[in-house]
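Quick mapping for you: the protein sequence lines, in order, are chains A and B. If you read the first sequence in the numbering used here, its first letter stands for residue 420, the second for the next number, and so on. If you read the second sequence in the numbering used here, its first letter stands for residue 33, the second for the next number, and so on.
Bear in mind the hints are in silico, worked out from the structure with no lab data behind them. Just so it is clear, the structure is predicted and the values come from calculations on it, not from any experiment. Be aware that one or more of the hints could be misleading.
Restricting the straight-line Cα-Cα distance to at most 20 Å, the calculated cross-link-like pairs of lysine to any residue (SDA-like) are [claimed, not checked]:
no.	chain 1	residue 1	chain 2	residue 2
1	B	Lys128	A	Thr463
2	B	Lys74	A	Gly459
3	A	Lys426	B	Glu77
4	B	Lys128	A	Glu515
5	A	Lys426	B	Pro72
6	A	Lys484	A	Thr467
7	B	Lys128	A	Thr467
8	B	Lys111	B	Gly64
9	B	Lys74	A	Ser527
10	B	Lys128	A	Phe480
11	B	Lys91	B	Gly73
12	B	Lys74	A	Lys484
13	B	Lys128	A	Ile482
14	B	Lys100	B	Ser52
15	B	Lys128	A	Phe485
16	B	Lys74	A	Ser472
17	B	Lys74	A	Val481
18	B	Lys89	A	Asp516
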Amino acid sequence: SAVISQKPSRDICQRGTSLTIQCQVDSQVTMMFWYRQQPGQSLTLIATANQGSEATYESGFVIDKFPISRPNLTFSTLTVSNMSPEDSSIYLCSVEDPGGGYGYTFGSGTRLTVV
Amino acid sequence: EDQVTQSPEALRLQEGESSSLNCSYTVSGLRGLFWYRQDPGKGPEFLFTLYSAGEEKEKERLKATLTKKESFLHITAPKPEDSATYLCAVQGDDYKLSFGAGTTVTVRA
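Bound-form chain B, shown alone (with noise of 0.2 Å):
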C-alpha cells in the first residue's frame, strides 16, 4: 500500500522567512508526485507534479523537489498570501492518488 508522510503537521513563518516542508513516501512504481495547495473551504489547487528523482519545479517563490525517498516544496522569502494548507500525493501503478495529511503554513506579516 503506498503512503505518504508529510511534516512538519503546522509551520509558522515570519514574513521573509524561507522554509522547506517535506513529504517521504513509498509508492509501488511511482508515476507521479503532486504538490496541491488548499485554502480553507476550498479544494485542493494544482502546484506541480514531478516525475523522477532529481527533477526540480518553480513557481513563483515555491520550489519542489523529487528525491527516490521524499520530495521537498521549498517557500522563499514567503508573504501572507502564501499561508494555506500543503498537500503531497504519490501515483503509484496503480493510477490511484494516495495523499497525505498535509502541512498548514501560517505566515505572519
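If we strip away everything but chain A, and leave its shape as in the complex, we get (with noise of 0.2 Å):
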C-alpha cells in the first residue's frame, strides 16, 4: 500500500494565523483527499485535490479558508487561514491505494491547536 508523509505531526498556533500541512506519498496518485476529524467525531471530507485542476470542496468549507496546493502526483499542501479556536481538530490527507486492495490510506495526521 500506499505510504504517506504527514507534517507537521502537531502545532499550536495563534488564532488569526495560517498554518500549512504538507503530505507527500511515496507513489504518484491522481486524487489525494483531506479530511477535519474534530475532538470525539469522525472524519469529515475537506475537499479533493486533483494534480493541474482545482480543489473540489465539500458543503461548508471554502477556499479561501482552506486553500489546497497540488504541484504534482505525490505531494499536495492544505491551509489554514485566518484560525479560531474552532479550527482545532485533527487533519488528515489521504489517497486511495494504486495498488488496490487496500481500500484508502491516511497519513499519520496533524493535531491543531488554536489557542
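Please dock the two separately framed chains into a single complex, following the hints provided.
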C-alpha cells in the first residue's frame, strides 16, 4: 500500500494566523483527499485535490479558508487560514491505494490547537 | 446523502470476551464498505473492504461481514492490543467516503 508522510504532526497556533500542512506520498496518485476530525467526532471530507486542477470542496468548506495546492502527483498542501479556536482538530490526508486492495490510506494526521 | 451509524459508541471487554460492532448504512449505489482501526494520535489504519452482501473477510481475531443494510465487525477472543477506535465508512456512486463516528473498544487484561 501507499505510504504517506504528513507534517507537522502537531502544532499550537495563535488565532488569526495560518498553518500549512504538507502531505507526501511515495507513489503517484491521481486524487488526494483532505479530512478534518474534530474532537470526539469522525472524519469529514474537506476537499479532493487533483493534480493540475482546482480542488473540489465539500459543502461547508471554502477555498479562502482552506486553500489547497497540488503541484505534482505525489504532493499536496492544505492551509488553514485565519485560524480560530473552532479550527482545533486533527487534519488528515488520504489517497486511494494505487495497487488496489487496500482501500484508502491515511497519513498520521496533524493535531492542530488554536489558542 | 449517505449515512453511517455505528453502535455501540464504546465497548469495554475482558480479554477473551468476544463481541461484535455494528455499522448500519444508507448509501446510493454501494461501491464498498470499509473498516478502519484508529489508535490515539494516529491516522486510520485500513482493515477490510467489503463489496457485496454476503461477503466476509477475516484478519487475525477480526471478521467483517456485510448485508444490504449493515456490517458487523466481530472480535474473537480479544487481547489488550485490540483496544482502539474502529471506524466504518461507505463509498457510494459519488466515490466519496462517508464515515461513522466509530466504536471505541477497550480490552482489559
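To see whether the hints hold, each was checked on the structure:
1. B:Lys128 <-> A:Thr463: holds, 11 Å
2. B:Lys74 <-> A:Gly459: holds, 14 Å
3. A:Lys426 <-> B:Glu77: Between lysine 426 (chain A) and glutamate 77 (chain B) the Cα gap is close to 18 Å, so the pair holds against 20 Å.
4. B:Lys128 <-> A:Glu515: holds, 11 Å
5. A:Lys426 <-> B:Pro72: Holds, at roughly 17 Å.
6. A:Lys484 <-> A:Thr467: Holds, because 15 Å separates the two Cα atoms, which is no more than 20 Å.
7. B:Lys128 <-> A:Thr467: holds, 9 Å
8. B:Lys111 <-> B:Gly64: Roughly 28 Å separates the two Cα atoms, so the pair is violated.
9. B:Lys74 <-> A:Ser527: The hint holds at about 5 Å.
10. B:Lys128 <-> A:Phe480: holds, 15 Å
11. B:Lys91 <-> B:Gly73: violated, 23 Å
12. B:Lys74 <-> A:Lys484: Distance of about 25 Å is beyond 20 Å: violated.
13. B:Lys128 <-> A:Ile482: Satisfied, since the Cα-Cα distance of roughly 19 Å is no more than 20 Å.
14. B:Lys100 <-> B:Ser52: holds, 18 Å
15. B:Lys128 <-> A:Phe485: holds, 19 Å
16. B:Lys74 <-> A:Ser472: violated, 30 Å
17. B:Lys74 <-> A:Val481: The given pair, whose Cα atoms are some 26 Å apart, is violated under the 20 Å limit.
18. B:Lys89 <-> A:Asp516: Judged against 20 Å, a Cα distance of about 19 Å means the pair holds.
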